[in-house]
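Next come the chains, spelled out residue by residue.
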Amino acid sequence: QKEVEQNSGPLSVPEGAIASLNCTYSDRGSQSFFWYRQYSGKSPELIMSIYSNGDKEDGRFTAQLNKASQYVSLLIRDSQPSDSATYLCAVPHRGGTYKYIFGTGTRLKVLA
Amino acid sequence: EAGVTQFPSHSVIEKGQTVTLRCDPISGHDNLYWYRRVMGKEIKFLLHFVKESKQDESGMPNNRFLAERTGGTYSTLKVQPAELEDSGVYFCASSQSLAGGGQYFGPGTRLTVT
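Chains A and B, in that order, give the protein sequences.
The numbering of the first sequence is the working numbering, which starts it at 4 and goes up by one.
The numbering of the second sequence is the working numbering, which starts it at 474 and goes up by one.
Hints were generated in silico from the structure; no laboratory data involved.
A few of these clues could be false.
Below, computed lysine to aspartate or glutamate pairings styled on DMTMM-like, alpha-carbon distance capped at 25 Å [said to hold, decoys possible]:
(1) Lys514/B / Asp30/A
(2) Lys112/A / Glu8/A
(3) Lys517/B / Glu8/A
Model the full assembly from the supplied sequences, consistent with the hints where possible.
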């Protein structure tokens with residue numbers, strides 16, 4: 004089992020819809036979770052962090068965390084074609100250095 | 474505030490040659506990380522500096538890779554001699570604190586070994 008798993012996609016949604024991106028992780032003791040957006044050929048851009056169970060909203064983005072089920076998700080409301088990118092889930096490894104363990108990323112396509 | 478910068482953006486070298494990648498972190502960020510993404514795989518950790526000290530180099534593939542961070546500012550990652558399997562995108566990231574706030578990534582260096 005991979006430490007951080009994501010469906011590679013592509014996930015296609017129509018413009019204006021809600022895009023739901025999921026990530027599961029294997030270390031039950033993980034405390035913090037990060038979502039990055041990466042456009043093709045560009046750097047991963049930090050868009051959300053979440054530390055507590057429940058929802059965290061920032062503009063059109065909502066991160067959801069369920070530690071009991073070991074999953075974290077990212078919802079994008081009112082999806083725009085400019086949201087088309089790869090979304091990476093990152094979970095810091097517990098061991099002092101907080102090196103990130105990444106999923107493979109989910110490619111999102113928002114269709115105009 | 475300037476972000477993380479990396480140089481060069483692309484490098485094409487022949488097997489057996491040497492390449493040095495450079496990363497300039499965000500000013501004031503003591504933590505500097507190197508990661509690599511090879512084709513079709515996830516981004517993987519290579520090593521972590523706190524200031525000029527290596528804290529964790531467990532992800533370095535072998536002794537052909539040498540990273541330095543003299544003076545605790547910019548960092549270099551040298552590959553010598555390069556092999557075909559070293560091809561990929563090398564990312565640098567920096568953070569102010571370990572536990573919170575997240576890591577900020579540079580644009581990456583795409584390395585192609587032919």
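Hints and how they fare:
no.	hint	in the structure
1	Lys514/B / Asp30/A	20 Å, holds
2	Lys112/A / Glu8/A	19 Å, holds
3	Lys517/B / Glu8/A	14 Å, holds
Checked against the numbered hints given earlier, this structure breaks none of them.
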